[in-house]
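Single-letter residue listing:
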Amino acid sequence: GENVEQHPSTLSVQEGDSAVIKCTYSDSASNYFPWYKQELGKRPQLIIDIRSNVGEKKDQRIAVTLNKTAKHFSLHITETQPEDSAVYFCAASIDSGYALNFGKGTSLLVTP
Amino acid sequence: DSGVTQTPKHLITATGQRVTLRCSPRSGDLSVYWYQQSLDQGLQFLIQYYNGEERAKGNILERFSAQQFPDLHSELNLSSLELGDSALYFCASSHTGDTEAFFGQGTRLTVV
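Protein chains in written order, with our numbering: chain Y, 115 to 226; chain L, -12 to 99.
Keep in mind that the hints are not guaranteed to be accurate.
Taking lysine to aspartate or glutamate pairs in the DMTMM-like style, the calculated list, with each CA pair at most 20 Å apart, reads [stated by the list, open to error]:
1) K(-4)/L to E153/Y
2) K156/Y to E87/L
3) K151/Y to D173/Y
4) K156/Y to D27/L
5) K156/Y to E197/Y
6) K185/Y to D141/Y
7) K182/Y to D141/Y
8) K136/Y to D27/L
9) K185/Y to E170/Y
10) K44/L to E116/Y
11) K182/Y to E119/Y
12) K44/L to D141/Y
13) K172/Y to D131/Y
14) K151/Y to E87/L
15) K218/Y to D27/L
16) K172/Y to E87/L
17) K136/Y to E193/Y
18) K151/Y to D(-12)/L
19) K218/Y to E116/Y
Okay, the calculated beta carbon distance ranges per label pair [said to hold, decoys possible]:
20) N64/L to D173/Y: 34 to 40 Å
21) D173/Y to T2/L: 43 to 49 Å
22) N46/L to Q174/Y: 33 to 39 Å
23) S66/L to D141/Y: 28 to 34 Å
In short, the hints are calculated from the structure, not lab data. Virtual Cβ for every residue (Gly too), placed ideally from N, Cα, C.
From just these sequences and the hints, can you work out the full model?
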């Protein structure tokens, strides 16, 4: 089955700096790669996703890149703010509508 | 509010007991997914139902079972509970063609 590795497990940045979280996956059949943000005590919420026919996608301060050949994808957050502090999970799936295989999460702390 | 409702929010029970967790998906969503979140294992996919039928199975123990009813709500049954089953159990739902799986607020299970 699919195995998703996520690094780093913790990340601390200063407000205004950029944060990068990287994930690798094992199953070449995976085509859908969402990123979820989970604040303390709350449910995971989708922040951005990308499909295998696209190399990069941006949404304001958040961007995701995908290298399907190398089987890795990354989340980039620019101009970080304290409210970006949360646990971020990457995931991989055959497609939307199918089960998500999650990485183990990255705890991001943005200090003022 | 994601529109996915899980009950109960908290559950404390003893080892060896059996519990049932309930999930009501968003209106119109045919897919229901169950995930287990523990501190050391992240978000683990357990099982998916689509319109009443089992669609995919992940790392679900034989002591655990689930079903989706004609009104599309789902129940996750956990039996012969062990201390290690203590975790946050999330239900998510999605609609055909949607990219996003919406998560409920979770049920925190504590086995003592």
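Verification of the hints:
In summary, the hint linking K(-4)/L to E153/Y is supported, as the alpha carbons are separated by about 17 Å, within the 20 Å threshold. For the hint linking K156/Y to E87/L, the alpha-carbon distance of about 17 Å falls within 20 Å, and the restraint holds. The straight-line distance between the Cα atoms of K151/Y and D173/Y is roughly 14 Å, inside the 20 Å bound, and the hint therefore holds. Annotation: proposed proximity of K156/Y to D27/L holds, straight-line Cα distance about 18 Å (limit 20 Å).
Distance check on the hinted pair: K156/Y and E197/Y sit about 14 Å apart at the alpha-carbon level, within 20 Å; holds. Of the pairs offered as hints, the one joining K185/Y and D141/Y holds, with about 8 Å between alpha carbons and a cut-off of 20 Å not exceeded. With a C-alpha separation of about 10 Å, the suggested pairing of K182/Y with D141/Y holds against the 20 Å cut-off. Note on K136/Y and D27/L: the hinted pairing holds, with a Cα-Cα distance of about 19 Å set against a maximum of 20 Å.
This hinted pair checks out: K185/Y and E170/Y have alpha carbons roughly 14 Å apart, not beyond 20 Å. Restraint check for K44/L and E116/Y: satisfied, since their Cα atoms lie roughly 13 Å apart, inside the 20 Å limit. For the given pair, K182/Y sits about 15 Å from E119/Y by alpha-carbon distance, which is consistent with the 20 Å threshold. Pair hint K44/L plus D141/Y holds up; C-alpha atoms about 17 Å apart against a cutoff of 20 Å.
Pair hint K172/Y plus D131/Y holds up; C-alpha atoms about 17 Å apart against a cutoff of 20 Å. Proposed proximity of K151/Y and E87/L is supported: the alpha carbons are some 13 Å apart, at most 20 Å. Taking the CA atoms of K218/Y and D27/L, the gap is about 8 Å. The hint holds against a cut of 20 Å. Distance hint between K172/Y and E87/L is fulfilled; the C-alpha atoms sit about 17 Å from each other, no more than 20 Å.
For the hint linking K136/Y to E193/Y, the alpha-carbon distance of about 18 Å falls within 20 Å, and the restraint holds. The suggested pairing of K151/Y with D(-12)/L holds, with an alpha-carbon distance near 15 Å, which does not exceed 20 Å. Straight-line distance between C-alpha atoms of K218/Y and E116/Y comes to about 13 Å, which keeps the hinted pair within the 20 Å bound. Range check, N64/L to D173/Y: about 39 Å between beta-carbon atoms, so the 34 to 40 Å window is met.
The hinted range of 43 to 49 Å is satisfied by D173/Y and T2/L, whose Cβ atoms lie roughly 45 Å apart. At about 35 Å, the CB distance of N46/L to Q174/Y agrees with the hint of 33 to 39 Å. A beta carbon spacing of about 31 Å between S66/L and D141/Y agrees with the range 28 to 34 Å that was offered as a hint.
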